[in-house]
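Colleague: Heads up: the sequence shown at position 95 corresponds to 94 in numbering that gives the first Met the number 0, and the numbers run straight through without jumps.
Please note that the accuracy of each hint is not assured.
[What the hints assert, rightly or not] Estimated spans, in silico, between C-beta atoms of each pair:
(1) Ala374 / Ala235: 49 to 59 Å
(2) Asp386 / Arg272: 16 to 26 Å
(3) Lys231 / His371: 55 to 65 Å
(4) Leu418 / Ala1: 25 to 35 Å
(5) Leu369 / Arg61: 20 to 30 Å
(6) Val54 / Leu2: 18 to 28 Å
(7) Thr395 / Thr36: 19 to 29 Å
(8) Glu40 / Arg291: 29 to 39 Å
It should be emphasised that the hints constitute simulated quantities derived from the structure, not laboratory data.
Computed from a prediction, not measured in an experiment: that's the story for all the values here.
Each residue gets a CB set at the ideal place from its N, CA and C atoms; glycine is no exception.
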Amino acid sequence: MALPTLRIIGFILGLFLITLATGMVLPMLTLVIYEHTHEIESFVWASMITLGAGVALILPGRPEQVHLRPRDMYLLTTASWLVVCVFAALPLNLLQNISYTDAFFETMSGITTTGSTVLSGLDSASPGVLMWRSMLHWLGGIGFIAMAVAILPLLRVGGMRLFQTESSDWSEKVMPRSHMVAKYIVGIYVGFTLIGILAFHLAGMNWFDAINHAMSTISTGGFSTSDASMGKFSPAAHWIAIVFMLLGSLPFTLYVSTLRGNHQALFRDHQVRGFLLMLILTSLLFGLWYWRHSDHSLIDALRVVTLNVVSVVSTTGFALGDYTQWGGFATMLFFYLTFVGGCSGSTTGGLKIFRFQVAYVLLKSNMRQLIHPRAVLKQQYNGHNLDEEIVRSILTFSFFFTITIGAIALGLSFIGLDLITALTGAATAVCNVGPGLGPTIGPAGNFASLPDSAKWLLSIGMLLGRLEIITVLVLVTPSFWKH
């Protein structure tokens with residue numbers, strides 16, 4: 000790879016690190032407000048180290064007349080997530096007195112909006128640490144939206160080209176210039192966060208909890224300020240969490256379309272309709288089952304089930320009780336739901352809903368072809384033709400998504416983890432959901448007791464899942480590094 004290309008990638012990474020160092024000011028202010036000033040030193044050192052690294056990367060300057068090619072974007076995308084995680088782990092490492100492995104795992108879980116945690120005693124934890132964890136979610140969520148609607152379609156990863164139009168890399172060409180769309184998306188993201196803060200506060204949360212949970216829900220992250228997760232808060236807060244997890248799961252470019260006057264944009268989209276229909280049916284049927292098999296009233300059963308279902312499918316990872324205690328049927332259903340994600344262009348991870356819908360279109364077309372062998376059938380999804388390249392991309396992604404989960408699960412088993420912990424740990428990491436199943440990493444547990452090697456392997460899984468697998472795997476091919 001040419002030196003000017005590496006220089007511009009380094010320059011961009013430097014800007015990211017300077018932004019990260021600046022972001023550490025908010026936890027510092029939180030510590031001042033809550034009179035934990037003795038903890039500020041850790042954030043100051045972390046911020047100075049991060050700022051120094053960022054300045055060192057931008058000092059060589061930005062090369063003139065150098066444009067990043069699609070192949071360069073693979074390296075930039077992966078490097079940006081890794082570099083940010085390396086430095087964002089410093090405050091946790093310095094303040095919590097935990098190993099760098101644990102700090103990196105927590106940070107990777109935060110920035111990829113996975114929500115798996117190694118920390119306990121959150122109810123009495125440092126307010127600066129709690130704020131920093133939620134900020135990692137919030138920054139990772141908006142970062143992934145930008146990547147999903149601007150970069151992945153350009154890289155033709157996992158069928159994302161379905162959401163690329165003409166000269167624009169955005170999923171809908173709602174405005175003449177993509178940078179204006181970006182401003183709208185950031186404004187909507189910030190607006191949802193502010194509305195969420197107010198709503199949670201009105202539902203009984205104090206301002207600190209409201210801020211943290213608003214950032215966690217809109218980013219579909221899952222970090223809470225309590226070991227009991229959403230179980231600590233009121234039923235009204237549960238319904239608000241459901242609403243904002245859903246808002247974070249829908250395509251943000253369609254929000255822009257709606258604001259620009261296309262009021263039917265959300266409801267006409269096949270992704271949105273399929274996603275919402277699936278959630279409504281699953282929550283209703285599962286809620287009725289839970290009502291029949293528990294002491295809850297019908298409304299309470301629907302609330303508990305809906306929050307847990309939406310949390311898993313939106314890959315947020317909040318928990319309301321330990322659903323693994325509901326019986327084998329419920330446990331198996333939640334394991335299946337782990338693999339279902341939200342919409343493309345949202346903050347969610349997992350297998351996006353459009354891939355299931357495309358698979359159904361292909362299945363239906365193949366069945367018709369068997370009945371009418373000579374018929375010429377047109378395959379379309381959401382108004383787009385499903386050409387060979389898109390189908391091949393989706394199949395390749397789905398195959399390697401499954402293989403990645405299998406390989407990580409095998410590695411965790413080799414390390415010594417039991418079958419349930421290894422399989423569900425790999426699945427929840429790659430799908431960016433948060434809790435796994437079983438007594439160790441289930442909704443009532445955390446990942447602290449796992450060996451360091453398992454935490455590093457799961458961190459790799461979170462990164463692979465968040466960056467759509469192929470974006471990272473392409474970097475290990477020898478041909479990528481040839482001039």
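Colleague: Could you run down the list of hints and mark each one as holding or not?
Modeller: Results of checking the hints against the structure:
1. In this structure the hint that Ala374 and Ala235 lie 49 to 59 Å apart at CB holds, the actual value being about 54 Å.
2. For Asp386 and Arg272, the Cβ-Cβ distance of about 23 Å falls inside the hinted range of 16 to 26 Å, so the restraint holds.
3. With their beta carbons about 58 Å apart, Lys231 and His371 fall inside the hinted range of 55 to 65 Å.
4. In this structure the supplied range 25 to 35 Å is violated for Leu418 paired with Ala1, their Cβ-Cβ distance being about 47 Å.
5. For Leu369 paired with Arg61, a C-beta distance near 56 Å fails the hint of 20 to 30 Å.
6. At roughly 20 Å, the beta carbons of Val54 and Leu2 sit within the given window of 18 to 28 Å.
7. Between Thr395 and Thr36 the beta carbons are some 53 Å apart, a value that contradicts the proposed interval 19 to 29 Å.
8. In this structure the hint that Glu40 and Arg291 lie 29 to 39 Å apart at CB is violated, the actual value being about 56 Å.
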